[in-house]
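Enquirer: Based on these hints, arrange chain B on the given structure of chain A.
Now for the letters of each chain:
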Amino acid sequence: MTVALARTGLAGQPEKQSPRFDVSVLAGVLRPSDESFRALYGGSHVPIAVQLEYRLRPRLALFGGVQFVGADGRTVAEGAQTGDEDFPLRFTAYSIRAGALMLTAKRGWTVFAGGGANYSSYHEEWTGAPIAASGAAYGFVAQAGARHVLSGPITLSGAVEYTYAPADSDASPGGRIDLGGLGISLGVGIQF
Amino acid sequence: MKGNRLRTCIFSCVACLLLFSAPTAVPQTPDTVLVKIEKRTGAAVSAGTLAGVRAVQELDTCWIAESPPQALSRLRRRGVAFEVLDRSPADKTYFLVRVPGVDDVDTLRGLGTVWPIEGDLCLFWSGGENVRELLPPEFVIKRLSGPIPVAISLGPPITGRAVLRRPPVPARREQVDLIAEMVSQVSPEHLTAHIRDLQLFQTRYASTPNCEESGNYILDFFRGLGLEAQVDYFPVASRFTTGNIVATIPGRTAPDRVVIVCAHYDSTSDQRLTEAPGADDDGSGTAAVMEIARVLAGYAFDFTVRLICFSAEEWGLYGSKFYAEEARRRGEQIIGVVNMDMVAYTDQVPEDLDVVANPGSEWLADRYIASVRTYALLDTLKVVSSSFTGSDHSPFWDQGYSALCLIEDTTLRNPNYHKVTDLLDTLNMEFATSVTRASLAATADLAQPFRELQPPTALTARQLVNRSLFSRAKTVYLQWTPGSGRVAGYNVYRTTTPGQLYQRIGRTSVSASSYVDRLLDPRITYYYVVTAVDGQGSESNYSEQVSDGTQGAQRW
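Keeping their order, the protein sequence lines are chains A and B. Under the working numbering, the first residue of the first sequence is numbered 1, with each subsequent residue one higher. Under the working numbering, the first residue of the second sequence is numbered 1, with each subsequent residue one higher.
No lab work stands behind these hints, which were simulated from the structure alone. In this text the structure is predicted, and so the values were computed from the model without any measurement. Any given hint might turn out to be false.
As the list claims (entries may be wrong) - Pair by pair, the computed Cβ-Cβ distance ranges are: (1) B:Ala297 x A:Pro173: 55 to 61 Å; (2) B:Ala180 x A:Ala136: 51 to 57 Å; (3) B:Leu519 x A:Ile96: 57 to 63 Å; (4) B:Thr457 x A:Ala129: 29 to 35 Å; (5) A:Arg38 x B:Val45: 37 to 43 Å; (6) A:Arg90 x B:Thr496: 28 to 34 Å; (7) B:Ala180 x A:Arg90: 47 to 53 Å.
For each residue, glycine too, the CB sits at the ideal point set by N, CA and C.
Excised from the complex, chain A in its bound form (with noise of 0.2 Å):
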C-alpha cells in the first residue's frame, strides 16, 4: 500500500495515457459489387455504421461494428423480355463485423488499415405483393482511413471499405448474389 501510494505521489503529475476506445458513427457511399444489385436498386447508397475500437497495443486494434443498409428499387424483367409492368422493392441489410486493425499515429493523425469477418442479415420485400425473402451472408470486410483528433476527444475519421458478402439465390443467374460491395465513408468519433 506504501508502495503503491509513493508511485502515486510520484505520478503526482500522472503520465497522459493514449486513449483506449474510439466509438464511431460514420456514414458514406456504398457502391455494390453485384451488377445484379445495381440493375436493381441502383448504382450507390447510403450506408450507416457505428464501430468500437479497443486499442491492444499501440499499433493494434481490434474493432466491432454494425452496418445498416436500405434501399428501394423496382423488379428487372428476365432475358431479353420487355416488362409492361414491374413491382416496387425495398432491400434492408444488417452488417456485424469484428476483426483486427494496424495504427500507425503521428501528430494527431492516426491511420489505419485491416480486416475482419463479417455477417449479413437481410430481408427483401416485394412491396405491395406477397413475396419477400431473408437470410444471412458471410464474408469478410477490410478497411483503411485515417483519423484525425479534432478537439479532445472528438476525432474526425474517413476510411474507404470493402465487403465480400455472397448469398445464395434462386433468383440469380449464378445462383449467388454479392451483397457487399466498395464504399466510403466520413464520421465522427468519441475516444477515451
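Expert: Quick look at chain B alone, frame taken from chain A:
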C-alpha cells in the same frame, strides 16, 4: 455308261447351282438387330446416342428396339445397357407374352424362341403369326409389328400404384349438369341384356363365323340408334379377315378432335372354336360401350365421340393396332382413349376399378378418376405402368396417344378367365353399371357436351418473368376474341396439369377480353382456359387451352 453320264450331268448341275447360289450363302450383314435397352442408365445420354435406334415397344424398365448393328458399339461406348435379342429380325413376327406364372416360361420354350424381358413378360417368336392357336388361352399376347412413332427416352422408370385418398375435384359445376343427366340414364338391365346376347353367340373367337355375326349384331345396334356406323375390315395373321365395329357421334364445334371409348367383342377359351362365352372378357366392356352409345346418341358434343368394338384382340391386339396405326397415319387428333376390358367380375366387395395408364396418359387417369368421384359410386386404383400391354389401349400408347385401360384387377383374379365358364351369372352387374356410368361421364367430360353459349376463341398467352435479388415471379397476359350475343363476361381457369383440374381464378367474372395473372411461380408451367357466361349464369364449355409463353392452343 449311261449311268456315268447321268451322274456327270447331275454333278454338273449341282456344281452350277452351288456356284450361282454361293453369294447368297455368305452371311449378310443384317440391316437391323432387335435389342432390349435398359431405361436406367448410369451415364448421361446425349441426343445423338440413340440415333438410328427405333422403338418397338416400351415397358416399365426397358425398351424393345430395332437398331442398326453399327449403332451398338456407340451405345456400348456411351454406357447404355443393352442386350441383343435377335440378330436377324427381318420377316419375323414377335409377340409379347404375359405368362400366368414365371414357371410357365418353360411352356413357351417348347413352342418357339423365348426371351424373358421383364417380370412375367416374355418376347416370343415361332416363325409364324398363328401364335394364339399355339399358346394356351391363359397366356395374354400382343403382336409387335415393327417400329412405333415414339421416341426412346432413358431414365429412371416411372411406375406406381396409388389409391387417391384426396381425389381431384372439378372446379366447375354446371347449372344444368348434362353429364349427371346422362349418367342417370345408364341401365343395368340394358347392360345385362347386352352381355346375355353376346354370350348367346356361343363363341366370338375371331376367325369363326359366330364372331362375325356378333360384330353384325353390334353394328345393327349402333345403326338402330341412328349413329353412323361401319365395319373396318383388316387381315389377321394372313389367314382371315375380320372387322372393328366403329360408330361415330360427330362433334359440333371441333369434329377433328376425337374421344374414343372402346372394348373388344371377340373372345377365347380352351374350347375357342365352339364355346367361348366371354361374358366378362370382354362381353362386359362391349356391353358398356353399347350402353354408353345408347345414352350419348341423344346428345351433341363439341368433339367427336367414337365408340369402337375391336376384333381379334385375343389374337394379339390386331384390331386396335390396325385402328391406331391408321389413325396416326391420317393424323387423327385423339384426345383420349377409354378402353374397358373385363369390368364386371368382382373377387371382393367392394371391388375397386384399376385405372391403368402409361406415364404420358396419367393426366387422363386423373381426369377419369375425377369423373368417377363426381358421377359414380366406385373405388379406383390408379396404376401407372408401360408394361401393362395386354389390351386394346396399348397400340394407342404405341402411337403416342393418351389411353386408359379399365379392368377389374390388373392381376387376373377371375377364375373363369378364358374358360367356357366365363358366363353372365358369375358377374357383378352393380359393379359393371358403376364402371359404365364412370366411363360415360369421363367420355362426355372429355368430349364436352354441346352448349349454345360458345366459348371465346383465339385465346393467346404471353408471359413475363420479373425478378429481384432473391425472388422471381411470372406474369401471364391472356387475350381472347370476345364472344358475341348474350355474353355477359368471362371466367378464367388455370391448371398446372394440362387438360384437367382447372381452378377458376377470382370469384367474379371479368368483363374485358383480357386478363393478367400475376405473381406466379416461374418454375411452373400454367395452362389456361376461358369460358363465356351469360346474364343468367349459364357458362360455355372451355375454350382452347393455352400454356403460358406459347401461342399454340389446344382444345381439351
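Enquirer: Indicate, hint by hint, whether the structure satisfies it.
Expert: Hints, verified against the model:
Under the hint 55 to 61 Å, the C-beta atoms of Ala297 (chain B) and Pro173 (chain A), about 58 Å apart, fit the expected range. About 56 Å separates the C-beta atoms of Ala180 (chain B) and Ala136 (chain A), a value consistent with the hinted range of 51 to 57 Å. Look at Leu519 (chain B) against Ile96 (chain A): about 33 Å separates their beta carbons, and that is not inside 57 to 63 Å. The hint said 29 to 35 Å for the Cβ distance between Thr457 (chain B) and Ala129 (chain A), and at roughly 32 Å that hint holds.
Between Arg38 (chain A) and Val45 (chain B) the beta carbon distance is about 41 Å. The supplied range of 37 to 43 Å therefore holds. The hinted range of 28 to 34 Å is satisfied by Arg90 (chain A) and Thr496 (chain B), whose Cβ atoms lie roughly 30 Å apart. Roughly 51 Å separates the CB atoms of Ala180 (chain B) and Arg90 (chain A), a value that falls within the hinted 47 to 53 Å.
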